[in-house]
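For chain G, the structure is supplied; the task is to place chain S on it using the hints.
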Amino acid sequence: MNLIKMLHTRTLNLSYNALKNVQKVAFSSNTTNNMDTTYMEIPLYDVEKQQPLEKRKARLHYQSRKRGMLENDLLLSTFAKKYLNGFNEKQTMMYDRLINSPSNDWDIFYWIVEKKPTPKEFDNEIMNLLKKHAKNEDKIALRQPDLH
Amino acid sequence: MSALMKAAVSRSPASLASYLYRNIHVAASGATSKDASVTTNMTKAYTVIDHKHDALVIGAGGAGLRAAFGLVQEGFKTAVVTKLFPTRSHTVAAQGGINAALGNMEEDSWLWHMYDTVKGSDWLGDQDAIHYMTKEAPHAVIELDNYGMPFSRTPEGKIYQRAFGGQSLKFGKGGQAHRCCAVADRTGHSLLHTLYGQSLRYDCEYFIEYFALDLLMEDGVCKGCIAINLEDGTLHRFQAKNTILATGGTGRSYFSCTSAHTCTGDGTAMAARVGLQNEDMEFVQFHPTGIYGAGCLMTEGCRGEGGFLVNSKGERFMERYAPVAKDLASRDVVSRAMTVEIMEGRGCGPEKDHVHLQLHHLPPEQLKQRLPGISETAMIFAGVDVTKEPIPVLPTVHYNMGGTPTNFRGEVITHRGGADRVVAGLLAAGEASCASVHGANRLGANSLLDIVVFGRACALTVADTARPGDPQPPLAPTTGEASIANLDSIRYANGSISTADLRLRMQKCMQKNAAVFRQKSTLEEGQRQIHEIYKQIKDVKVSDRSLIWNSDLVETLELQNLLINSVQIVEGALAREESRGAHAREDFKTRRDEYDYSKPLEGQSKLPFEQHWRKHTLAETDPATGDTRLTYRPVIDRTLDAAECSTVPPVIRTY
Chain G
1 MNLIKMLHTR TLNLSYNALK NVQKVAFSSN TTNNMDTTYM EIPLYDVEKQ
51 QPLEKRKARL HYQSRKRGML ENDLLLSTFA KKYLNGFNEK QTMMYDRLIN
101 SPSNDWDIFY WIVEKKPTPK EFDNEIMNLL KKHAKNEDKI ALRQPDLH
Chain S
1 MSALMKAAVS RSPASLASYL YRNIHVAASG ATSKDASVTT NMTKAYTVID
51 HKHDALVIGA GGAGLRAAFG LVQEGFKTAV VTKLFPTRSH TVAAQGGINA
101 ALGNMEEDSW LWHMYDTVKG SDWLGDQDAI HYMTKEAPHA VIELDNYGMP
151 FSRTPEGKIY QRAFGGQSLK FGKGGQAHRC CAVADRTGHS LLHTLYGQSL
201 RYDCEYFIEY FALDLLMEDG VCKGCIAINL EDGTLHRFQA KNTILATGGT
251 GRSYFSCTSA HTCTGDGTAM AARVGLQNED MEFVQFHPTG IYGAGCLMTE
301 GCRGEGGFLV NSKGERFMER YAPVAKDLAS RDVVSRAMTV EIMEGRGCGP
351 EKDHVHLQLH HLPPEQLKQR LPGISETAMI FAGVDVTKEP IPVLPTVHYN
401 MGGTPTNFRG EVITHRGGAD RVVAGLLAAG EASCASVHGA NRLGANSLLD
451 IVVFGRACAL TVADTARPGD PQPPLAPTTG EASIANLDSI RYANGSISTA
501 DLRLRMQKCM QKNAAVFRQK STLEEGQRQI HEIYKQIKDV KVSDRSLIWN
551 SDLVETLELQ NLLINSVQIV EGALAREESR GAHAREDFKT RRDEYDYSKP
601 LEGQSKLPFE QHWRKHTLAE TDPATGDTRL TYRPVIDRTL DAAECSTVPP
651 VIRTY
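Residue numbers (my numbering), protein chains in the order written: chain G, 1 to 148; chain S, 1 to 655.
Note that these hints are calculated values from the structure, not bench results.
C-beta: ideal position from N, C-alpha, C; glycine also.
For lysine-lysine, the following DSS-like pairs were computed, each having C-alpha atoms within a straight-line distance of at most 25 Å:
#1 S/Lys541 to G/Lys55
#2 G/Lys81 to S/Lys508
#3 S/Lys352 to G/Lys139
#4 S/Lys388 to G/Lys115
#5 G/Lys135 to S/Lys368
#6 S/Lys388 to G/Lys139
#7 G/Lys115 to G/Lys82
#8 S/Lys313 to G/Lys139
#9 S/Lys368 to G/Lys115
Computed, partial: chain S to chain G, Cβ under 7 Å:
#10 Leu84
#11 Arg88
#12 Val92
#13 Ala93
#14 His189
#15 Tyr196
#16 Thr262
#17 Gly293
#18 Met379
#19 Ile380
#20 Phe381
#21 Ala500
#22 Ser543
#23 Ser551
In isolation and in its complexed conformation, chain G is listed as follows (with noise of 0.2 Å):
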């Protein structure tokens, strides 16, 4: 494959679109009521981008690993192991949206654990899928999984 050649032919296309994707982002958590929050413009992580499905599942995989915090990375790992290779395409999109949109990682989990309502655009079947995961019906102790 000539890398050179087809970044040189993309490059213009992916400027006009990488503007589009700097948005402002309004998530915030509301933890108290006379809270200031935080509008703030930071890039959005660009889901809507087109790839392969294989690979998006394979970021997701990556992305699912690697959160702030230990109580997302155990959660969203072991339900990315159980469920994302699964997945149909539509599916992917609302898990990717899910995990890559919202600033702070504590508002995922809040959510999944239903200590705060899950925003109208987030909740669907793959939002209540997670929520049924954390509950740990099957009672094991989490631990990452392995990948292989």
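Here is chain S on its own, set in the frame of chain G:
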């Protein structure tokens, strides 16, 4: 975002023109495997892209982002290389706050904060760095406030400050101080979000989900780093006049730690691989009750509400170790008691390697009301119903006091021939560094302060010593090739031990032999085992050969890093024959300073440097073999300005 896309949207068109495309052909001897017949000479093409910036930051946690923001504010074209999206760095887990003597709740002085920190460090902290950190703390916090970090406020609108352990007024004589500033319970996240957003208003390029492989050194000067883009498998040499290491701690060296799985000591290992020293690695902070296997903390509140620890015989063993305080004895006493029970064969579970925290004797309504989060955490992470069964727990790693040594300005130093020398082009900040402000033991809420102050200090030092656009001669074509060769050999590794197995072996060895309970026989066993495990990396098996989003490859590279850190921890602990702060030896139970501070100093003669232990350990490891050499460096007692802040003389530490 790929590198090319970054350049395309970058505000400086010149960065687009600064790319070079090169193809490197690596002739590798293929995998090493048990049956020696499988050896092939393959030529593989690795695409290497070069970048040039004024400054490079490795790691986008609190320290990295604060350094990056400081640098771009001063006009330096800065690259930030991070294996995670910035707001997913481990800093986000910090829910406590930042200590600063603002004096909003009561009269306060940074001199008192300085005293508390020196005492907390058990007189192993460098007092010039502590002077710097506590004096700059109020400025650093006010700056963050001005950048938009939404601190919790008092009704009058001042930053609200709460109490935190180890913080006192009037040099320990004035009661509890309230100097911890927080953003509700999400200080860590707020710090990251604010700094990331602010830095993007300037010329700051982020290379997200790039895994930094190694530092690039030429003639002892740091020129940048080489990293792999996980999204497309291309390699990138980042050249910069100044590089800042801000890669965090190495909690994952142990079986039980509260750290995310990302905390793999990448920066300290990179420093070791280029021949630099790491300081005070043996000082690791533990918390007594983390859930077995998961690592999530079970707060002390459990024991405060009447819960207690039992061994395999169902015995409430703390009654033997601390007859009065029992389960509410201080953390290190409880941790050591738990470890002794396990070592003497009274541990629980099939491997007899943990103890039980029992809560089911408490009335369910009390559990529900007083410890609501506990029941959930126990079920989610341990599958335990606390009203019916005990929770498996063991002492859990919480923080690494050690790291790559720096002076108070954040510049990485080496200590050879009795003198500190700055490593040109390299700085470090945060948990990856050792300034040393935490010494032998870290106080709560000082860690977020450490990352903010020293991230800022690194930026200020670079602004002092360099100018944006300073000329940089091109990198030699061979610089970084050893890293590519290593990557290639790991990628095709076809041995007999999977990465997960080898990592678990290392973690269990560390947990068993170099955790809370340390004595010569178990440390020597740990030393023997860890070196054996170190050599087994040559026999590792990686099952995924791809260069794109290959978690197996990344975790194996991280294991290489963890092994270097683990060896340095064990060697340092074995050699240090005293107990100080978080390092507690059963066979040497007291601190061994240059004077015996438990007695009057008159009539005592000062012990020579080689005969006492109030000194920093420096460890150098040969990455090929794991052989580690230890040297020592004196603690810096003089402050930055004796007129402003006098040295706190050592005394016996009691609370």
